[in-house]
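In order, the protein sequences belong to chains A and B. Each residue of the first sequence is one higher than the one before, starting from 4 at the first, in my numbering. Each residue of the second sequence is one higher than the one before, starting from 27 at the first, in my numbering.
Heads up, some of the hints might be wrong.
[Said to hold, decoys possible] Subject to a maximum C-alpha distance of 30 Å in a straight line, what follows is the list of computed DSS-like cross-link-like pairs (lysine-lysine):
hint	chain 1	residue 1	chain 2	residue 2
1	A	48	B	533
2	A	89	B	552
3	B	349	A	93
4	B	533	A	89
5	B	539	A	93
[To be verified] Take a look, some chain A residues computed to stay more than 12 Å from chain B by CB distance:
hint	residue
6	20
7	48
8	112
No lab work stands behind these hints: they were computed from the structure. Here a beta-carbon is modelled for each residue, glycine too, at the ideal position from N, C-alpha and C.
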Amino acid sequence: MGGEGWLFLFAVLMAAVLLFTMVFFIIMFSDLECDYINPIDLCNKLNQFVLPEMIAHAFLTLCFLLSGQWLAFLLNAPLVGYNVNKIMAKNHMYDATEIFRTLSGHKKESFIKLGFYLVSFFYYLYRMILALISESD
Amino acid sequence: MSQPLMLPQGWEARWDAQSSAYIYIDQSTGQSQWELPTNPSYPTSHPSASPPPNPASAPANAAPSRHGRRQYPTAQIQQMYGSAYEAQPQVGQPQPLTAPGYPDQGGAQQPQFFTPGLGGADAQQPAVYGSQQAPYGGAPQQPAYGQPPAYGQQPVEQISNQFQQMNMGQKGGAAYGADQKQLHQIQTVNLIGMQPDVSALDSPPPPYLLPPNAAVTSSPHIQPHPSYQRCTLTSMPTTQSLLNKSKLPLALVMAPHRSYRESDGDEPVPVVEDAVIARCRRCRAYINPFVTFIEGGNRWKCCMCGLSNEVPQLFDWDQREGKPADRWARKELNHGVVEYIAPTEYMVRPPQPPVYAFVIDVSQPAIQSGMVAVAARTILESLDNIPNADNRTKITIIAVSTSLHFFSLPAGATEATMLVVSDLSDVFLPKPVDLLVNLTESRPAIESLLGRLSDMFQDSHVVGNALGSGLQAAHQLISKIGGKIVCLTASLPTMGEGALKARDDPKLLGTSKESSLLNAGSSFYKTFAIECSKQQVAVDMFLFSTTYTDVATLSCLPRYTAGQTYLYPGFNASRSEDAIKFATEFGKVLAMPMGLEAVIRVRATRGIRMSAFHGNFFIRSTDLLALPVVPMDQNYVIELQLEDDIKGSFVVLQTAVLHTTCYGERRIRVVTQAMPTTDSIAELYASADQVAIATYLTNKGVERSMSHHLDDARNLITNRLGEMLSVYKNQVTSAAGASAQLAVPDNLKLLPLLCCGLVKHVGLREGSSIPPDLRSYAQCLLTTLPCQSLVPYIHPRFYSLHNMPAEAGNMGEHGVTLPPALNLTSERLERHGLFLIEDGQNIFLWVGHEAVPRLIQDVFDLPSYGELTGGKYTLPVLDNPFSQRVNNIVAKTREMRRGVYRPHLYVVKSDAEPALRSWALSLLIEDRMDHMSSYAQYLTTVKNKVGQGVLS
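Could you build the full structure based on these sequences and the hints that come with them?
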């Protein structure tokens, strides 16, 4: 298996991890709505994952950039930009005092990210298989 | 039909006017009884029954005596009517009480309808009404539905059941509600070119026109006073789409922990002492006047979720006297506001004592301004007033400069020992005991410490304030119990945790970046606030700035812990006015009885959801507000949404505040409010409450100014107003096209004025000269002041004193009579006059430069206008009637509103001190000022928006 195959295998795994993170986020948000968790605990829990998630995604994007996978890179670049912008504005962390006011926004964002990761998961899988096939030819 | 249908042979039903109920008499024996006789029953076609008197002559709700009607003939009723008795009692309410209002209800006269649907529904009715005239037109029925005799009123029930069957498929409640509903009178007024009638600002909100018989008792107190809770609309739309269409906001405005002032004619909150707390099993609502009793009074049907609940066994039992009690005299069935003494199930832990932790800044600016001395003296003088009924109150004092100074105050000692901790990064307590001490036991040590606190630090010239660390230390000390941290600081925290930078760049003022100055500059205070809220610790901030103290950041702490921020700009204790103002307010805060460890929850009829919350608290879950300490007279705004269509003829909104009083009792204050429903836009507009809407817009505006820009906040207010008036014009007045008029409903005629005041208020005003501290503080006040103080804060009061009527300033029926309020325009200012402008926070005494020396002599004891100096002033009390009247008015102005604030009195000369003069003039909001539009221009702007609304 060549470089491209390995890269996309890694990407598939990363996308799966990110996918699960988003599912976790969404579950936590609905828990909050159902009053199973209080906003302080929720924010403490989720805030641990916010930066790792962003870094993981940025790292993946960097890998694509370095290996010259332009399409995959362009696909991911907007989200990286969005994340960087959020960190610069210092509103990337969840704020327990505001969480109920912003909950619908957070949920929407998580759903969009979930969809994005899902699409990219299948795209990476497709590219991985493609790479494997072209190698075996 | 008006008499009981089925009576056993030989029985007679006779109307008893005194108790407004039927009495059943056995004709053979002469024996009489209240309950329906139960002998084998067969209908008698028309048993001899004395006709009940005319409704007018026996007003049902007069019900003078209720004695002897305590029996509930459940078994009999069930036997005869089975489950039909229970079916849809709401629809079945025949509501005969409307008879006086609609004397000819029996189908002869068609009431007017706003919606064709209702009219149609009613069209099928006349036949029914006609044939059944007797119970509606002629025969009166007994008191409110749900009162004991009602259980015996089978005829009514049966008729209504018949109705129900006939009306099958129609909107149940509407068919009835329509022709019985009282409607608000809608009156359209034009605002353009009119002087607003400012005296109407104090008028009460439109009444809640509940369907008759909505409540089980006819007490006049079943609705809470508007100062406890009011709604932006006094009738509830039945669907969200109707609400959206009307563009009216739907929100509750409340101050459940309102102060009790006898001088205002307040009634004390009735307390239910027997620990019988009837709550719905499903929605946990508390029993209230709007529930219905069913099954002969053994069960009650929740007015919110419709679940039938058992009435607690001891509900009808007087535990003190040990005998049966009158259910209809129970406080929770007669009052919109009640307080329960909660049993132990409502406690997480035994009631904690009140705890006060004073964190006092003793750095050089604080000492120099005299703040420490005044504060220490005020605490010393208030030691007797601090709530301490059972000698459990605990107190601690921490002085903060570049290091933390703790004071060990052992019980019985007469001197305090100071312990200094200079490690600010990792705060630790120097001593495990004697720092947080019992106020009574350690009184001598506390007194001696407070007596010399200021002198102790007199010589220190340290500049630097480790406030954050001090707060952390106080939090560590009291977190096991919870309580209140009272923080006094005269300088910006610059060291240790939570250090802040002076970020008030004057270049930012007036630009779109200004809103960043209104947001917290450091996350420490927010995180710390969450920590405090968790441990039931509240923080009150007293800020004394001579320079920038970052009110925006520091006020986060009170905001999320349900405290309050107080700002004393340019405080200098050597000026007696400053010292008196601070000492008075601080003393009141300390003496204020507080509710500890509180949670607030609002429950409402199914279909209504609380969607957003504004105020000082922490939102712990979707509908639970956590307040470590409930301060008095603080305002909360809760937005409502309709998730489902509302079916009933009225809805109930109930606020419950569970708290521990400072006397060690767990209590629940329950505020219950019922509102009729409506499906007409006109009715919604006619029932809108302008003060509540203005309060709502204030909160939305302030929120917007923080999340977006100040510009957006002002636009939000003006646009919302424009939308409302546009819908009103198109949907209600049905005037098409542009017109020279601005039509508003009569009950909203001052809303544009209040909105104009709001966009010109110092908290939201356009301008590059307002210090961010003042703006932030104004925003704190805007979001926490109760309506009574908020209205003058937005729309100041303006009196003319030199030509006030003779009775003004003298004692009248309700204390000192105030002169008539004037419109806020400088046209009213005369060159020779004396005027008073006040907004609840400041009082301006405006002196015209041509004031006659006699006036100056009488009021200020000075020979002429030239001798008078402007600025903060203490009016002398002179031996002449005019001076006394002016002093009376000032005194009345200072004490007439709820809250701790004691306004400063400024003397403003009309031709000197331009800054002060323009400050006073900026309160005259009907005038044009700088580039802010006058009221007339504002109306034109709104009118244009209304015009645009037509096009779009």
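Taken at face value, is the distance from the CA of residue 93/A to the CA of residue 539/B at most 30 Å? Cα-Cα ~16 Å, so holds.
Could you check that no beta carbon of chain B comes within 12 Å of the beta carbon of residue 112/A? holds (17 Å)
Keeping to a limit of 30 Å between CA atoms, is the pair of residue 533/B and residue 89/A held or broken? holds (26 Å)
For residue 349/B and residue 93/A, compute the direct alpha-carbon distance and say whether it is at most 30 Å. violated (66 Å)
Residue 20/A clear of chain B by more than 12 Å, beta carbon to beta carbon? Fine: 29 Å to the nearest Cβ keeps residue 20/A off the interface.
Residue 89/A and residue 552/B were given as a pair; does the straight-line alpha-carbon distance stay at or below 30 Å? holds (19 Å)
Tell me if the straight-line CA distance from residue 48/A to residue 533/B falls inside 30 Å. Answer violated: residue 48/A to residue 533/B is near 40 Å, above 30 Å.
Going by Cβ atoms, does residue 48/A stay more than 12 Å from chain B at every point? With a cut-off of 12 Å, residue 48/A remains clear of chain B, as the shortest Cβ separation is near 14 Å.
In this structure, the hints that do not hold are numbers 1, 3, in rising order.
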